[in-house]
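Trainee: Whole structure, please, built from the sequences with the hints as guidance.
Chains as they are written, first to last, in our numbering: chain R, 636 to 1152; chain Y, 3 to 639; chain W, 20 to 507; chain F, 7 to 106.
Just so you know, the hints here were simulated from the structure itself, not pulled from any lab data.
Be careful, since some hints might not be right.
Said to hold, decoys possible - BS3-like mimics (lysine-lysine), calculated; alpha carbons at most 27 Å apart, straight line:
no., chain 1, residue 1, chain 2, residue 2
1, Y, Lys29, R, Lys1009
2, R, Lys692, Y, Lys73
3, W, Lys175, F, Lys94
4, W, Lys379, W, Lys176
5, R, Lys741, R, Lys1087
Claimed, not checked - Per label pair, the in silico range of CB-to-CB distance:
no., chain 1, residue 1, chain 2, residue 2, range
6, W, Ile27, F, Met39, 39 to 49 Å
7, R, Glu994, Y, Asn28, 31 to 41 Å
8, R, His1080, Y, Ala361, 25 to 35 Å
9, Y, Leu555, R, Arg796, 50 to 60 Å
10, Y, Val574, R, Arg996, 28 to 38 Å
11, W, Trp432, R, Lys1128, 25 to 35 Å
12, Y, Glu451, R, Glu994, 46 to 56 Å
Don't be surprised by glycine CBs; every beta carbon is placed ideally from N, CA and C.
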Amino acid sequence: MHETNFPILSIIIFFPIIGILLIAFTERKDGYLQKWIAFWTTLIDFIISLPLFFAFKNVADFQFVEKVNWIPSLGISYHVGVDGISLLLVLLTTFLCPICIAACWKDIQDKVKEFLIAFLFLEVSMIGVFCALDLFLFYIFWELMLVPMFLLILVWGAPARRVYASVKFFLYTMAGSMMMLVGILVLYFYHGKVTGDYTFDLLKMFQLKLPFRYEFWLFLAFGIAFAIKVPMFPFHTWLPDAHTEAPTIGSVILAGVLLKMGTYGFVRFNLSLFPHATMYFMEFMGILAVIGIIYGAFMCLVQKDLKRLIAYSSVSHLGFVMLGVFALNVQGLTGGMIQMINHGLSTGALFLLVGMIYERRHTRLIAEFGGLAKCLPLYATFFMIVTLSSIGLPGLNGFIGEFLIMLGAFKAKWWLGVLAASGVILAAWYMLWMYQRVMFGKVVHEVNLKLKDLVAREVWILVPLIIFIVWIGVHPNTFLSKMEPSIKNIVSKYEKIKISEGNTKINILKNLKGERS
Amino acid sequence: MKYVWLIVFFPFLGFLINGFLSKFFNKKVVAFIAASAIGLAFLCGLVTLVKLLAYPPEARSIEITFYSWIKAGGFNIEAGFLIDPLTMVMVLVVSGVSFLIHIYAGEYMEEDPGYVRFFVYLNLFVSMMLTLVMANNFLLMFVGWEGVGLCSYLLIGFWFEKDSASNAGKKAFIVNRIGDFGFLIAMFIIATTFHTLNFKVVFEKAPQMFQVGSGLITAATLLLFVGATGKSAQIPLYVWLPDAMEGPTPVSALIHAATMVTAGVYMMARCSVLYALAPFSLGVVAVIGCLTAVYAASMALVQVDMKRVLAYSTISQIGYMVLGCGVGAFAAGIFHLMTHAFFKALLFLCAGSVSHALAGELDIRKMGNLHKKMPITHITFLSATLAISGIIPFAGFFSKDEVLFETFMSHHNVLYILGLIGALMTAFYMFRLYFIAFRGESHVEPELEKHIHEPSWRMALPLCVLGVLSLIGGWIQLPFFHNLKILGGFLSPVFHHAHEISKMEEASVSVWLEGALMTLSLIVAGLGILIAYKFYIKNPELPKRLGEKFAGLYKLLFNKYYVDEIYQMVVVKPLYNLSEILSIAVDQAVIDGSVNGTGRSLMGVGGVLRRTTTGYVQFYGLVMFLGAVILLLWNLF
Amino acid sequence: MILGIQYIKDSVGFLPFLILLASGLIILMGSAVSGFGDKGRYGSGVALIGSVLALLSLYVLYGLKRNVLFNGMLIIDKFSIFLVATLLIATIVVILISRNAIAKEGAEINEYYVLLLFSSAGMILMVQSINLIMVFLALEIFSLAVYVLVGITKQKKISTEASLKYLLLGAFSAAFFLYGLTYIYGATGTLDLQKITNLVAAGEITNRFYLLFGGTLVLFGLAFKIAIVPFHMWTPDVYEGAPTPITAYMAVGVKAAALAVFLRIFGHTLLKISINWHTLFWVLAVITMSVGNICALRQDSVKRMLAYSSIAHAGYIFVAVVAGSNYGYGGILFYLLVYTFMNLGAFGVVIYVENLLGLKDDYDSFKGFGFRKPIIGLCMVIFLCSLMGLPPTGGFIAKFVVFSSAVKAGYIWLVVIAVINSAIAAYYYLRLIITIYTRAEETNTVEDRPIEGSIYNSIGLIISLIGTLILGIIPYGVLQLAMRAVSL
Amino acid sequence: MIPLNYYLILSGILFTIGIIGVLYRRNTLIIFMSIELMLNSANLTFVAFSRFLGNLDGQIFVFFVMVVAAAEVVVGLAIIVNLYRHHKSISADRANLLKW
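Mentor: See below:
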């Protein structure tokens, strides 16, 4: 445990509040002033968060830990800290936020003040989720994110079905997180009963050994909340609706950060707290993940709306993440973690790009486009790079994640890895087909001829994303090295279990080892 | 040796410079930058070769690592290059041919609005291709592997406004992805088995850990071969290559003839140790290669589009290379790869030159008698045609003959005969092409007739250079004389282990046998040429009559055995329909239906329950009273 | 003599009741004197001062030791002080949000405040009483006042109807309650709650049948006031018909007072005599929250929706009753306080829309409200979030404590049902939020001018808002108070 | 001496009659009278218990109940009069605006 006196995490978490206050005191009509304030707030927050990365020691412990009693009678404390698993997600959040603000510069002209306040509030809760080391605090931040996101979709969303989409998002998530609440309570009381220490402190929970019956149910209780958030296969239908109706940056944040809360939750809670149940469910979750990969890809093939297509591709990509996480080995988990970042970058960028074209054409139907590469060459280039990143072209970020995930899955259960790899083919199919229909061919619709290519602001929004897309593709070790100790820490738990239970895992290697000369 | 990264770096630099700064340059500068980037890479390659030759043959395998690329637990990928004879051959072929084609394209693409884009893609392609051949591990090879796939996709769809072009590009990428699927899984097997993907380590460990015929290695090599069938257009994944002719001709020459499509062969040669451990895989490889050679040649017989004929010919020739690998003669495969790069690139460039002169016309039925107006093109085309047909002393003769010889020597008699039949067909269709296009009567449209011209020196120079190479390229590996097998000797350290494992005797074979076989193939080639001559010069009505007589067969061949249609019907359509059904039946009906249904039924229940509040106060009283009664009953009994 | 002095001393512990009574009388007498107009400024002023003074007087009480007053009629303990404080806060906020609403409703203004104070006094008495006579008396004191308050806008048909329904059913249930008391008396021979508790604890009950019979009927009477299904039928009608401030007051005050007595009678006494009670309460909790939530889904009137929501909240509170531990009872107290703030806040906004903007109380009237009045709209969102149980509002902490008490006691399935209910409930609250942030058609807009005298309403809203948020963000102190209050 | 149960049964009968009256009759005045009957049956029980237990608490309670009942009648009548003003009727069924 590395205690620091300087409360850097709290500052990062709550810095946007300053922006909220400043914006609250501006005149309603000063939309751009408010945007500048929000932009600088988020940018400074990002800059403040950078030292985290550099000062982070490559060890498994939680760092920059702060702990203050909050409701001591219930064992609730304000306890934050980051380790290798959450560090990059915090940075991803702070990194995406200024980009989002810049992206809404022209997009949001109506009720800017409220929009920005809701957005900054969202940022607080998102960073909080990744930093919280107290179950109660985690739950608070988790729920805190609901309302602003709901409002983003409801108020600034596309008029058609925003009510349906926002309510679906809200109720789905809420239903899941309520189950998690029950789980948290059970865990809390069990811990209290066994150790006599009634506390929500996650670090103490990690020491707890639960009977399998408890692990089983708690895994389900937590799992349902996270599975809905991810979203895993049968719980995914809220996502396309929410994405389609949300404003551009709502989609970006939703895809970029919010979905990661689910996968993060699995790693942080399910894997660490309920190892035996995780082992028990490993295959089941892996199958669900693979179904998600393939099913999501199939759904992409038939979508007519760009955002909906990308939304379903998220289902597919997050299937990869889940597969990696539940491979329960270093490669799979590392791949899953880095794929979370990748997905945030590339899907975020895709949504930004779709938003840019939506601003110009006010439609997202694929059929309305065609031949855009001719009128918007720069746009097409960016779109191409991001598309390639999304389909996992080696040299770009997506590949690193997908490769490690599939490798990990292959190691754990070879057939899962093989099935997942088929998702790679499908990804190429639907993404390139989409790209072809939008960018290639003749310009069918006259309107598209008059479209203007990207302006400097839009280029500068995309460039940072592209830089990281390439960076992770070329030198992922910058990031992998940060998460490695924490991941090893988790995996070692499973290796111990495997050894102690003499787990006889059927995998291809052991089967064929007899053939050694 | 430290500076080998420059070989990849220069093309990449060219890509970056042209990609980002091209708005400051005019076309000449762009082309110059692009070509000189490749030229520098070629020079670096030469320097490296010289340095490599300074090592003793056994030590000619130098690994240079740059940094740790992916590290996850015990799994560590060190990005780096492996410099050995095989690499050097590939580097020189790739960069050399690319350099020539860059010069050629500088003029060929002159009028195209996407000039800059073209060179950007092309430079990127070369750097990716060089990465592929220089990589020191499977994963980095895979980077190049997919990278060239990407460039191929971009360049096939270069004229993206044409639907056929963008479709072809997409098709190429997706079919390649199917192959990559195999490659990926093979990598997983290798990585989980050996805990590394480094070539040297894997190839060292494999013979120690596994016996010949091991199931795991067989699986891995077969999967790798799936990757190769995708990239190198073998049965069943060859379908993308004919369509890839939608791209500009220099692209066809470079990517779809000389370099990229042979990557599969290179990869198998690289993994020769693994293949040697898996005789079953070798058998499969040999059979597939041979079948492809014959099958593709049969389709080439009747095509009328010049580039399509060449495309099928490419598939067929790669089939020979694969056959070479399949019979364990990796060096022969690589040898054929090299000579093929020369003459097939040349054929394509000639086709480009012709279409340049004929305003883009590629239908051979609208050509004829071009040899007078385009002497350089004609001569070089003829040189390449002779080479591919296997006429001594052109390059193709030596390489193809070696492949066939090795096939015979490894007792694959059926394959040998099939190979000969393929050779017959090759000679036939190539000379059919030659006779129809360059000899005979002119069918060129009259107004085009006047414009037929030879290209300027920028296009002519590469033609000449490649023409010469088509002639002399085979002389570095002459039959009969052990000392004159320069290429074989150079490559032997690479394939040494493989040969050891499969215990292939390199004992001298009877010179007479070799001579007899050689004569046989020459006779076959001559026969092919003769038939072509009969058909298209002597008796031009004959093919038509034959076509009418065997209308069914002709149609089958002309429509490429309907394979595209079958794939469309059996794979693509069902998958698409399946997704539509899933979308409606599962996503909307079942999942969303149950979600919304829960909501709706709750609302329904609410609608019923609220009706219980009837508004009559005495009804309320009654309910309360009944509630009390139930409570009492509950508590008292 | 000595007894007299003792009684005078005891009245200190009785101070809030006395202050409220006195202010009520002052208003009555003052309004008899001409010159104190009918505008209600006088009445509300005195009422406000009176209730604030009463609240302050609690400080004095807090210093006192746990003390039985008037020969075992009343008690002054932390439990009662906590609830009295809750009730007084409710009264103050209701007075604030009534200020303009009632005048516009055309009610007898001064009488309104008098009745409000008397009913409040009655509730306080109920909370403090530990003798069944006092319980019954207090119940009737505040009930009678509330019957009238419900119908105080007597020119309105629905108001009269609501008061009639409430009166008839209230009296009906009071009769059952009383009949139940007779049997408890018959079983134990005393009306003193503490003695009853001791007898039960010692197992010296001669006739368990009497006790169970009486207890069940007492449960009936209290469940009626708390609005537990199936004794809830009156709630939506009466809530809808009553003037909105009174609806708010009933939802909070009546519930709190009845729950106080419920806990005193059942919490440590009757709950212990039969295991059946737990199962019974389990069932009651489940059907109460389910019926409340499911019915609320399909309401068009916001007031009626809030009525059903209050039923559902009663169900949540009952979850802690099932748990039957001090931890749970503390949770109930905390819940009541939070509920006071958030519910009054929500009703305050309804009053703002209904009375100050002059619209109806249906969902459509809220259309675009969040854009027209962004701040009040946001307040409404926060109140609704709190009712939903979302952090960082008090509603979350309250629900959290209540549910956790049940988990602690091992009633996990009950909590699962409760959280599913919370998710269902989210829908109708969301529907209101959606309406608030849906663009209104142009025909529906009201001039955006500052509304005269809305300042009182705003103060009421601010108090509610601060309460809701403070209890959500730093709940520690108040939670401690609540927990200490129940550890008798 | 008459046993306690006789009183209890009598009061139970009275109470039941009261309930039936409340639930069955439509005239609000009659309903109100029925409620009074219920209260009185409770009074009877109290007195009976008080007598048999030998303490006075129950009897004191009865006085309070009487007072409360009177107060309730006052308020009730006022409301019924108001109802009559609106509906020109005192039938409980007429008050049926609020429902669902």
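Trainee: Now, for every hint given, state plainly whether the structure supports it.
Mentor: Evaluation of the provided hints:
no.: 1; hint: Y/Lys29 / R/Lys1009; verdict: 19 Å, holds
no.: 2; hint: R/Lys692 / Y/Lys73; verdict: 17 Å, holds
no.: 3; hint: W/Lys175 / F/Lys94; verdict: 14 Å, holds
no.: 4; hint: W/Lys379 / W/Lys176; verdict: 16 Å, holds
no.: 5; hint: R/Lys741 / R/Lys1087; verdict: 15 Å, holds
no.: 6; hint: W/Ile27 / F/Met39: 39 to 49 Å; verdict: 42 Å, holds
no.: 7; hint: R/Glu994 / Y/Asn28: 31 to 41 Å; verdict: 35 Å, holds
no.: 8; hint: R/His1080 / Y/Ala361: 25 to 35 Å; verdict: 31 Å, holds
no.: 9; hint: Y/Leu555 / R/Arg796: 50 to 60 Å; verdict: 57 Å, holds
no.: 10; hint: Y/Val574 / R/Arg996: 28 to 38 Å; verdict: 30 Å, holds
no.: 11; hint: W/Trp432 / R/Lys1128: 25 to 35 Å; verdict: 31 Å, holds
no.: 12; hint: Y/Glu451 / R/Glu994: 46 to 56 Å; verdict: 53 Å, holds
Figure legend: structure checked against the earlier numbered hints; every hint is met.
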